[in-house]
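Asker: Protein chains in written order, with the working numbering: chain D, 238 to 391; chain A, 238 to 391.
Everything labelled a hint here was simulated from the structure, so no lab data went into it.
Every value quoted in this text rests on a predicted model; they were computed, and no experiment measured them.
You may find that some hints are simply not true.
The list makes no distinction among identical chains, and a pair is therefore deemed to hold if it is satisfied within one copy or across any two copies.
What the hints assert, rightly or not - In silico DSS-like cross-links for lysine-lysine, where the CA-CA straight-line distance does not exceed 27 Å:
no., residue 1, residue 2
1, Lys286, Lys263
2, Lys333, Lys382
3, Lys286, Lys382
4, Lys329, Lys371
5, Lys329, Lys382
Chain by chain, the residues run as shown.
There are 2 protein chains.
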Amino acid sequence: MNKLVSIAALSLTVAATGNAAAEQLKPEEQILTRQAGYTFMSWNMGKIKANLEGDFSQQQVAAAANAIAGIANSGMGALYGPGTDKDIGDVKTRVKPELFTEQEEVGKVARNFIQAANNMAEVASMAESQDDVKAAFGELGESCKACHDKFRKD
Amino acid sequence: MNKLVSIAALSLTVAATGNAAAEQLKPEEQILTRQAGYTFMSWNMGKIKANLEGDFSQQQVAAAANAIAGIANSGMGALYGPGTDKDIGDVKTRVKPELFTEQEEVGKVARNFIQAANNMAEVASMAESQDDVKAAFGELGESCKACHDKFRKD
Numbered sequence: 238m239n240k241l242v243s244i245a246a247l248s249l250t251v252a253a254t255g256n257a258a259a260e261q262l263k264p265e266e267q268i269l270t271r272q273a274g275y276t277f278m279s280w281n282m283g284k285i286k287a288n289l290e291g292d293f294s295q296q297q298v299a300a301a302a303n304a305i306a307g308i309a310n311s312g313m314g315a316l317y318g319p320g321t322d323k324d325i326g327d328v329k330t331r332v333k334p335e336l337f338t339e340q341e342e343v344g345k346v347a348r349n350f351i352q353a354a355n356n357m358a359e360v361a362s363m364a365e366s367q368d369d370v371k372a373a374f375g376e377l378g379e380s381c382k383a384c385h386d387k388f389r390k391d
Numbered sequence: 238m239n240k241l242v243s244i245a246a247l248s249l250t251v252a253a254t255g256n257a258a259a260e261q262l263k264p265e266e267q268i269l270t271r272q273a274g275y276t277f278m279s280w281n282m283g284k285i286k287a288n289l290e291g292d293f294s295q296q297q298v299a300a301a302a303n304a305i306a307g308i309a310n311s312g313m314g315a316l317y318g319p320g321t322d323k324d325i326g327d328v329k330t331r332v333k334p335e336l337f338t339e340q341e342e343v344g345k346v347a348r349n350f351i352q353a354a355n356n357m358a359e360v361a362s363m364a365e366s367q368d369d370v371k372a373a374f375g376e377l378g379e380s381c382k383a384c385h386d387k388f389r390k391d
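Just chain D, with the same shape it has in the complex (with noise of 0.2 Å):
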């Protein structure tokens, strides 16, 4: 019986850690990451912005794009666990509680928001000019700025 009992609740410690993603970090932790994350995008978008209006480095507009792609592939959808819908203490957030209710529109932006990070991941790998990323950066923009306007208070 011990040994059953032992086995059981083995077991449930596997379930959780393997579903580790949401499971390991507090409320407050998650926000946190999760803003690490845009925080993190955002100064790669600036980079690839600045070598569309300056001089081109298709290595560093490669490699923010990988930057970007990476992290949008990395199931942030996790950070936005329960509790994680208000403010907690000194941890602000600015998301809307509509983010927590429609599901399906959420599915939708993520999706378009990660296509356009691997279309521009993909594009940057490969880029000669301006040119050749300018379309690219700009849906990837747009997708970033349908969940903002959605989900984001200002």
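Put chain A on the given structure of chain D with help from the hints.
Answerer: What follows is chain A alone, placed relative to chain D:
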């Protein structure tokens, strides 16, 4: 003459935005952005660790490894610009002064880290079990720790 001045000004602007990685951000923004990168990598390291200790999802491990590699290769050195060696108001940094003087050693730990992150992403992309990624993950963790030990205050 006016035209010449305009062209000179434009060239300066282009040169400045071309090296946008560092120039665009204020020192406090550089500190917050590099910390965002480390926070996001740490979350993904935690996910890989959980996959090694519990159920193994190759897809989750590969996605986490790609996020880390994308961030590692994004040129974070640009976030250690002048004025980022000390706290700035509420923006605290644990960086040691040595990071700004021991260029050779910094280059070494940075190259080791990027190499370990790239290796982890490659290994994870074709891993069939935990055993396939354990060594690469261990090396990646060591490469993080090497920099923390040398260049981060406790």
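Asker: It remains to establish, for every hint, whether it holds in the given structure.
Answerer: Structure-based check of all given hints:
no.: 1; hint: Lys286 <-> Lys263; result: between (35 Å within a copy, 17 Å between copies)
no.: 2; hint: Lys333 <-> Lys382; result: within (14 Å within a copy, 38 Å between copies)
no.: 3; hint: Lys286 <-> Lys382; result: within (15 Å within a copy, 33 Å between copies)
no.: 4; hint: Lys329 <-> Lys371; result: neither (34 Å within a copy, 37 Å between copies)
no.: 5; hint: Lys329 <-> Lys382; result: within (20 Å within a copy, 30 Å between copies)
Going down the numbered hints, you'll see the structure goes against just number 4.
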